[in-house]
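The opening residue of the sequence shown carries number 1 in the numbering used here; numbering runs sequentially from there.
Mixed in with the good hints, there may be bad ones.
[Unchecked claim] With a straight-line cut-off of 27 Å between C-alpha atoms, the simulated BS3-like cross-links for lysine-lysine are: (1) K440 <-> K59; (2) K268 <-> K59; (3) K328 <-> K73; (4) K59 <-> K317; (5) K73 <-> K440; (6) K317 <-> K328; (7) K268 <-> K328.
[To be verified] Ranges between beta-carbon positions, derived for each pair: (8) R314 <-> E289: 22 to 32 Å; (9) S66 <-> K328: 32 to 42 Å; (10) R310 <-> S278: 35 to 45 Å; (11) K328 <-> E26: 38 to 48 Å.
No lab work stands behind these hints, which were simulated from the structure alone.
Because the structure is a prediction, the values reported are computed rather than measured.
Cβ coordinates follow ideal geometry from the N, Cα and C atoms, glycine included.
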Amino acid sequence: MKLRAAAISLACVFAVSPASADELREVLAHAYSSNPSILAARANLRIVNENYAQARSNKMPQVSASASYGYRKTNESGSIFASDDELEPTVAQLNFGQPLYTGGRAPASMRQAKASIQSARYSLYAETQDVIFNGVRAYTTVMTSAEVVEIRRESVRALAAQVDDTEARFDVGEVTRTDVAQARSRYSIARANLSSAQADFQAARASYENVFGFPPMSLEPLPELPPMPESEDQAQQTAIAWNPELVSIRYVEEASVHGVDVARSDIKPRITLNGTLSRRENLNFAGDEEEAASLTARLEIPIFSGGFERSQIRAAKYQVNRDRLRVKRGERIILEEVTSAWSQWRAARDIVVTSEDATAAAEEALEGIQEEVDYGLRSTFEVLDTELQLRNAQIRLAQARQQQYVAAHRLLSAMGLLTADYLELPIAEFDPDADFNDTKRRLVSTSIEP
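Let the sequences and hints guide you as you build the complete structure.
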C-alpha cells in the first residue's frame with residue numbers, strides 16, 4: 001500500500017495539463033532573461049561601460065563657478081578724515097579649462113576602456129553559456145530521474161508479484177524456501193533502489209528550480225540537437241576563435257597594451273587652455289565694480305618625480321607580458337576542454353547504441369525465461385536475475401541518452417556556440433551596444449536603468 005501511495009503521489013507531480021508543460025527552449029529562454037547570474041553579469045557590464053565615460057572625461061572641458069558675498073563695516077575717528085563705511089563685497093567667477101594635449105592619456109584611456117568593455121561582454125557571454133548548460137543538464141536530469149523512478153517502481157511491482165507467485169508455488173511444493181527468500185531479498189533491494197531514485201529525483205527538481213526559478217512541470221521531449229561539428233579539428237578551430245572565456249582574456253591583454261600608453265602619458269608634456277570670467281562689486285568702496293576676463297595656455301613638462309611614473313610604466317609592461325601568457329594558457333585549457341568534450345560526446349553516442357541493443361536483448365531474454373519457468377526449465381533465481389538485468393539495462397539506456405545530450409551541449413559550450421541564437425531560443429538576444437550607446441550619451445544624467 002505504501003508503494004502504491006508513493007507511486008500515485010509521484011504520478012500527480014507529472015499529471016498536469018499540457019498548458020503547464022515545460023519545453024526546453026522555452027525554459028532556457030526564461031532563464032536567459034531572468035537568471036540572477038546572467039542579470040548580475042549584465043549589471044557588471046554596465047559598470048564597466050562607465051569606464052569609457054570616465055576615460056572620455058580626460059579630454060572634455062571642465063567648467064566651474066564660484067561666488068562669494070561679504071559684509072564689512074569701517075569706523076574711523078580722531079582725524080579730519082573720520083568716516084563710517086559699510087560695504088557688501090560680492091565676487092562671482094566662472095572658470096573654464098580645456099585639455100589640449102594630455103600626453104596621449106585621453107585616447108589611450110578610451111582605447112583601454114573599450115577593450116575592457118569587450119572583455120566584460122565576453123565574460124557575460126561565458127556566464128550565459130554556463131547558465132544555459134546548467135539548464136540543459138538540470139532539464140535532462142529531471143527527465144532521466146523521473147524515468148529511473150518509473151523503472152524502479154515497475155521493478156518493485158514485478159518483484160512484488162514474483163514474491164506472491166513464489167510463495168504460492170512454495171505452498172504447493174513446487175519451489176523451496178530458498179526461492180522464497182531470494183524473491184523477498186530482491187523485492188527489498190528493489191524498494192531500497194526506488195527510495196534512492198526518488199531522492200535523486202527530488203534533488204534534480206531542486207537543481208532545476210535553482211536554474212529556472214520555478215519547479216519542473218510536465219517536461220516535453222528534448223528537441224533535436226543543433227548542428228554539431230564534423231571533426232575534432234573543426235571544433236578546436238571554432239573554440240579558439242569563439243570561446244567567450246578565451247576571447248575575454250584576449251581583450252584583457254589588449255587593455256593591458258593600452259595601459260602602457262596610459263602610464264607613459266604621465267611623463268609627457270601636457271597643455272591646457274584655461275579661461276576665467278569674473279565680476280567684483282564693492283570691494284574697495286561702495287559702487288566699485290570690476291569685470292575681468294582672462295585666457296591662458298598652460299604647458300607642463302614633467303622632469304623628475306622620484307621615479308614613480310617610470311615604475312608605473314615598467315609595471316604596465318610586465319602586466320602585458322603576464323596577460324599574454326594567460327592567453328596562451330587559456331588556449332591550452334580550451335583545447336583540452338574541446339578534446340575532452342568531443343571524446344565524451346562520441347563515446348556517449350556509442351554507449352547509447354550498445355545500451356539500446358542490451359535493453360532489447362534483456363527484454364527478449366526475460367520473455368524466454370518466463371516461458372521456460374512454466375515448464376520447470378528455469379529457477380526463480382534466474383528469473384529474478386534476468387529481471388534485474390533488464391531494469392539495469394533500461395536505466396543505463398536512459399542515463400546514456402542524457403549523457404549524450406549533455407555532452408553535446410558541453411562541446412557546444414567549449415566552442416562558444418551555446419548561445420540563444422544558435423539554439424534558436426524564442427527570445428531576442430541581449431544587445432550590449434544599446435547599453436553602451438546609452439552610456440555614451442549621458443553626460444550630465446545620474447539616473448540608471450533598473
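Can you confirm whether the C-alpha distance between K59 and K317 stays at or below 27 Å?
OK: K59 and K317 at ~25 Å, within 27 Å.
Could you say whether the range 38 to 48 Å given as a hint is met by the Cβ separation of K328 and E26?
The hinted range 38 to 48 Å holds for K328 and E26, with Cβ atoms some 40 Å apart.
With respect to the beta-carbon atoms only, verify the hint that R314 and E289 lie 22 to 32 Å apart.
violated (56 Å)
Hinted pair K317 and K328, Cα distance within 27 Å
holds (17 Å)
Compare the distance between the alpha carbons of K440 and K59 with 27 Å, and conclude whether the hinted pair is satisfied.
Since the Cα atoms of K440 and K59 sit roughly 14 Å apart, the hinted pair holds (cutoff 27 Å).
Indicate whether the distance between the beta carbons of S66 and K328 respects the range 32 to 42 Å.
This hint is violated: roughly 54 Å between Cβ atoms.
Straight-line alpha-carbon gap K268 to K328, limit 27 Å:
violated (33 Å)
Between K268 and K59, does the CA-CA distance stay at or below 27 Å?
holds (15 Å)
Satisfaction of hint between K440 and K73, Cα-Cα up to 27 Å:
violated (52 Å)
Given the range 35 to 45 Å, decide if the beta-carbon distance of R310 to S278 lies inside it.
holds (40 Å)
Does K73 lie within 27 Å of K328 when you go C-alpha to C-alpha?
violated (76 Å)
In this structure, the earlier hints numbered 3, 5, 7, 8 and 9 are contradicted, and the remaining ones agree with it.
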